[in-house]
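Protein chains: 2
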Amino acid sequence: MPSAEIVAVGTELLLGQLVDTNTPFIAGELARAGIDVHSTQCVGDNCERIAAAIRTALSRADGVVMTGGLGPTVDDLTREAVCSALGVGTEIYEPALRAMEATFAKFGRPMRANNRKQAELPAGSVPLDNPRGTAPGFIALASGEQFVACMPGVPGEMKPMLIEQVVPLLRERFGARETIVTRIIHTIGLGESEIDHRIGDLFRSSENPKIAVLAHEFRADVKIMAKAPDAAQAESMIAPLQREIVRRLEDGVFGYDADTPSSATLALLASRHQRLAIAESCTGGRIAAALTSVPGSSQTFVGAVVAYDNSVKRWELDVEAATLERFGAVSEEVARAMARGARTRLGADVALATTGIAGPGGGTPEKPVGLVIFALDDGTEPSRAWSFRLDGDRETVQRRATTTGLNLLWRYAKGQEP
Amino acid sequence: MPSAEIVAVGTELLLGQLVDTNTPFIAGELARAGIDVHSTQCVGDNCERIAAAIRTALSRADGVVMTGGLGPTVDDLTREAVCSALGVGTEIYEPALRAMEATFAKFGRPMRANNRKQAELPAGSVPLDNPRGTAPGFIALASGEQFVACMPGVPGEMKPMLIEQVVPLLRERFGARETIVTRIIHTIGLGESEIDHRIGDLFRSSENPKIAVLAHEFRADVKIMAKAPDAAQAESMIAPLQREIVRRLEDGVFGYDADTPSSATLALLASRHQRLAIAESCTGGRIAAALTSVPGSSQTFVGAVVAYDNSVKRWELDVEAATLERFGAVSEEVARAMARGARTRLGADVALATTGIAGPGGGTPEKPVGLVIFALDDGTEPSRAWSFRLDGDRETVQRRATTTGLNLLWRYAKGQEP
Numbered sequence: 011m012p013s014a015e016i017v018a019v020g021t022e023l024l025l026g027q028l029v030d031t032n033t034p035f036i037a038g039e040l041a042r043a044g045i046d047v048h049s050t051q052c053v054g055d056n057c058e059r060i061a062a063a064i065r066t067a068l069s070r071a072d073g074v075v076m077t078g079g080l081g082p083t084v085d086d087l088t089r090e091a092v093c094s095a096l097g098v099g100t101e102i103y104e105p106a107l108r109a110m111e112a113t114f115a116k117f118g119r120p121m122r123a124n125n126r127k128q129a130e131l132p133a134g135s136v137p138l139d140n141p142r143g144t145a146p147g148f149i150a151l152a153s154g155e156q157f158v159a160c161m162p163g164v165p166g167e168m169k170p171m172l173i174e175q176v177v178p179l180l181r182e183r184f185g186a187r188e189t190i191v192t193r194i195i196h197t198i199g200l201g202e203s204e205i206d207h208r209i210g211d212l213f214r215s216s217e218n219p220k221i222a223v224l225a226h227e228f229r230a231d232v233k234i235m236a237k238a239p240d241a242a243q244a245e246s247m248i249a250p251l252q253r254e255i256v257r258r259l260e261d262g263v264f265g266y267d268a269d270t271p272s273s274a275t276l277a278l279l280a281s282r283h284q285r286l287a288i289a290e291s292c293t294g295g296r297i298a299a300a301l302t303s304v305p306g307s308s309q310t311f312v313g314a315v316v317a318y319d320n321s322v323k324r325w326e327l328d329v330e331a332a333t334l335e336r337f338g339a340v341s342e343e344v345a346r347a348m349a350r351g352a353r354t355r356l357g358a359d360v361a362l363a364t365t366g367i368a369g370p371g372g373g374t375p376e377k378p379v380g381l382v383i384f385a386l387d388d389g390t391e392p393s394r395a396w397s398f399r400l401d402g403d404r405e406t407v408q409r410r411a412t413t414t415g416l417n418l419l420w421r422y423a424k425g426q427e428p
Numbered sequence: 011m012p013s014a015e016i017v018a019v020g021t022e023l024l025l026g027q028l029v030d031t032n033t034p035f036i037a038g039e040l041a042r043a044g045i046d047v048h049s050t051q052c053v054g055d056n057c058e059r060i061a062a063a064i065r066t067a068l069s070r071a072d073g074v075v076m077t078g079g080l081g082p083t084v085d086d087l088t089r090e091a092v093c094s095a096l097g098v099g100t101e102i103y104e105p106a107l108r109a110m111e112a113t114f115a116k117f118g119r120p121m122r123a124n125n126r127k128q129a130e131l132p133a134g135s136v137p138l139d140n141p142r143g144t145a146p147g148f149i150a151l152a153s154g155e156q157f158v159a160c161m162p163g164v165p166g167e168m169k170p171m172l173i174e175q176v177v178p179l180l181r182e183r184f185g186a187r188e189t190i191v192t193r194i195i196h197t198i199g200l201g202e203s204e205i206d207h208r209i210g211d212l213f214r215s216s217e218n219p220k221i222a223v224l225a226h227e228f229r230a231d232v233k234i235m236a237k238a239p240d241a242a243q244a245e246s247m248i249a250p251l252q253r254e255i256v257r258r259l260e261d262g263v264f265g266y267d268a269d270t271p272s273s274a275t276l277a278l279l280a281s282r283h284q285r286l287a288i289a290e291s292c293t294g295g296r297i298a299a300a301l302t303s304v305p306g307s308s309q310t311f312v313g314a315v316v317a318y319d320n321s322v323k324r325w326e327l328d329v330e331a332a333t334l335e336r337f338g339a340v341s342e343e344v345a346r347a348m349a350r351g352a353r354t355r356l357g358a359d360v361a362l363a364t365t366g367i368a369g370p371g372g373g374t375p376e377k378p379v380g381l382v383i384f385a386l387d388d389g390t391e392p393s394r395a396w397s398f399r400l401d402g403d404r405e406t407v408q409r410r411a412t413t414t415g416l417n418l419l420w421r422y423a424k425g426q427e428p
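Same order as they appear, the protein sequences are chains C and S. In the numbering used here, each residue's number is its place in the first sequence (first place is 1) plus 10. In the numbering used here, each residue's number is its place in the second sequence (first place is 1) plus 10.
No lab work stands behind these hints, which were simulated from the structure alone. Any given hint could be a false lead.
[Said to hold, decoys possible] Computed list of lysine-lysine pairs in DSSO-like fashion (alpha-carbon distance at most 27 Å, straight line): (1) S/Lys220 to S/Lys233; (2) C/Lys377 to S/Lys233; (3) S/Lys127 to C/Lys220; (4) S/Lys116 to S/Lys127; (5) S/Lys237 to S/Lys220; (6) S/Lys169 to S/Lys237; (7) S/Lys169 to S/Lys220; (8) C/Lys220 to C/Lys233; (9) S/Lys127 to C/Lys233; (10) C/Lys424 to C/Lys233; (11) C/Lys233 to S/Lys169; (12) C/Lys169 to C/Lys237.
[To be verified] Derived Cβ-Cβ restraints for the label pairs, each shown as a range: (13) S/Thr390 to C/Pro141: 50 to 58 Å; (14) S/Glu217 to C/Glu58: 17 to 25 Å; (15) S/Asp261 to C/Glu174: 37 to 45 Å; (16) S/His226 to C/Pro105: 31 to 39 Å; (17) C/Gln426 to S/Gly373: 31 to 39 Å; (18) C/Ser246 to S/Pro165: 34 to 42 Å; (19) S/Pro165 to C/Phe114: 39 to 47 Å; (20) S/Asp403 to C/His283: 24 to 32 Å.
Glycine included, each C-beta is placed from N, C-alpha and C at the ideal position.
Work out the full structure, taking the sequences as your base and the hints as a guide.
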């Protein structure tokens, strides 16, 4: 397979103030076009360093795809660096000059001398039109079959140039090639080492399809990536592996590709004709927010009460004053009462409740920061309740409690006792 | 100034499926510590390529800061690659092994043989504790003064390890250096071009302190970065600029550095002794989640009702059936009734309500997708209401509606009529 490296240019990317989303976008498009990316780099606005990055990339790959540094200012050095790395001069690309003049005329702005610089491309380059901005891109051809494709850094200019011009040119250059299809199997509630234990033999030394495990918090994705001449063949390579992985991880697999724990749970509840309500204390609305991010969630999700103050637990969820008094707000008893209250008050079939201590304050030796209690009530007696000790700062505890709550709901909806 | 390169490891970063936010975070912390970053790299899970990236980085910089590839699976190759690049063997780091055993025991999970691998560090390394996960980090020392610092890829484990352990060690190693102090001035509700118009003369050609504007959705941050031998000198360079910028943007400045619209709003309401409730329909819990992310929010935030189904608006927020019937759920009248209901039912002094059409379904010519209506009720008559047309897909509309709601709340709390 042909390979390319991506080089993003811009000092602002090295100061931590801007997240580089161009590189993953380019990487995704190249993967789909069957071009391998083994490495990416990001360099500041320094001609020597940019040239060095190009030379390093060309020593390992068939080409370089670059973004950034094509503007008109003294900081825009990509053209110069490409010339230096490839040992070529520049030449004025007249159509780009004309196009720029037209753009400036259209916006009634004076075209300055430094804009001319944008039409000076490395000699022998294939120019790339930029109808959405002033800086043209270009593909410079190095010795042999190697190339250096340069695009602006503005995402709105770069993305169409990549899709409409660069990728087709590269596809053509490398002939009909392979494509990569990725299937993501989403799991929840299984540890990374547990997954490794169950399917390690499948992904150890997997090459094509390649299998990778990506751990999130309390969730993990298993990715199967197949390279084949076309998507149908890639799918047929993925299918048997997917079946086997799902068989082994069955108790944790909630969905595929774009599925989320929320969408999977709502789909299961809908198929059971159960409507859902939530009562949240320490998660503060996060579980409701996750559920309502799913289009059509209003069919199944009735609503939620964020019962932060005890008075809200008392009056909106019918938690008895004596229960709050005797067991405290963070207790199984209160969690159960909140779940029952949410279910009955909001007219749902099943309700989940959370109460806990997100921190940093409010912890005691008996009820430390990170203690989170869940209850689930569907009208059967007794209702279910669980206690967890979740590590981390406030944000982490809230996030982990949200995922844990969704995991409990999903397992319930699946008919698998959590 | 000492310099470092950042190397992020993970094939998933090269397939376009994950945006690397670790690299900019590390870059920002290193800049603050006065360590220059001239280049960053990202490589897949391939031992030779990781080792090559380390060697390249060490050929140009004083050290390498790495993230990712420290887990227990066969894909986790950073330890091996560091050994290969530096030409050293591994040794078991006993305290890490003990810590891992304790972590597994605490969660009642079996520790598998492959987890042991995580305690095998390059010989002579300084180990880095990882109280939030199982994989310890380490700083391997290369010849001369060079170092290779390796941290996990999970942001929640990496960030505290970087701040609490790696940066202090590097600061010490390189002695007293220049430091960069950054002040962030947070604005909400001012457009980027409005900000440019008001303070453009200050940041054009600013060098030290450098001024930059970073636009978010409906929010923008103005950053002032000063380089000086110590923090006090940097602060004194920042102070006059900060005063001038705040003077010019005053109607939009809600806070500094770690402040959020939620924390600013809650602090203002607390100073006015006003307790807050929320009634959310289309934002589905997001405003409550944003408010409860603030430590101590329980002092001011009473609770919220996520009234997704009309029955919840009717019965939990006392919206009259006739109002729902006559004006529809997405109307100023219903928004006002929801706000009044939340305030009175939850016992708050002021309440904000949202109702709208997040999409993709549910839009009509009169009430299209993206229409979001807000009402604010503090008991004075008439209550306030606003309608917005927000562009974007479901997630974007929900996110923009959340920011808009927080902007309205903040302006109210500030006593500045929204």
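Hints versus structure:
{"no.": "1", "hint": "S/Lys220 to S/Lys233", "result": "8 Å, holds"}
{"no.": "2", "hint": "C/Lys377 to S/Lys233", "result": "41 Å, violated"}
{"no.": "3", "hint": "S/Lys127 to C/Lys220", "result": "23 Å, holds"}
{"no.": "4", "hint": "S/Lys116 to S/Lys127", "result": "20 Å, holds"}
{"no.": "5", "hint": "S/Lys237 to S/Lys220", "result": "9 Å, holds"}
{"no.": "6", "hint": "S/Lys169 to S/Lys237", "result": "23 Å, holds"}
{"no.": "7", "hint": "S/Lys169 to S/Lys220", "result": "25 Å, holds"}
{"no.": "8", "hint": "C/Lys220 to C/Lys233", "result": "8 Å, holds"}
{"no.": "9", "hint": "S/Lys127 to C/Lys233", "result": "23 Å, holds"}
{"no.": "10", "hint": "C/Lys424 to C/Lys233", "result": "23 Å, holds"}
{"no.": "11", "hint": "C/Lys233 to S/Lys169", "result": "26 Å, holds"}
{"no.": "12", "hint": "C/Lys169 to C/Lys237", "result": "24 Å, holds"}
{"no.": "13", "hint": "S/Thr390 to C/Pro141: 50 to 58 Å", "result": "53 Å, holds"}
{"no.": "14", "hint": "S/Glu217 to C/Glu58: 17 to 25 Å", "result": "21 Å, holds"}
{"no.": "15", "hint": "S/Asp261 to C/Glu174: 37 to 45 Å", "result": "42 Å, holds"}
{"no.": "16", "hint": "S/His226 to C/Pro105: 31 to 39 Å", "result": "37 Å, holds"}
{"no.": "17", "hint": "C/Gln426 to S/Gly373: 31 to 39 Å", "result": "37 Å, holds"}
{"no.": "18", "hint": "C/Ser246 to S/Pro165: 34 to 42 Å", "result": "37 Å, holds"}
{"no.": "19", "hint": "S/Pro165 to C/Phe114: 39 to 47 Å", "result": "44 Å, holds"}
{"no.": "20", "hint": "S/Asp403 to C/His283: 24 to 32 Å", "result": "29 Å, holds"}
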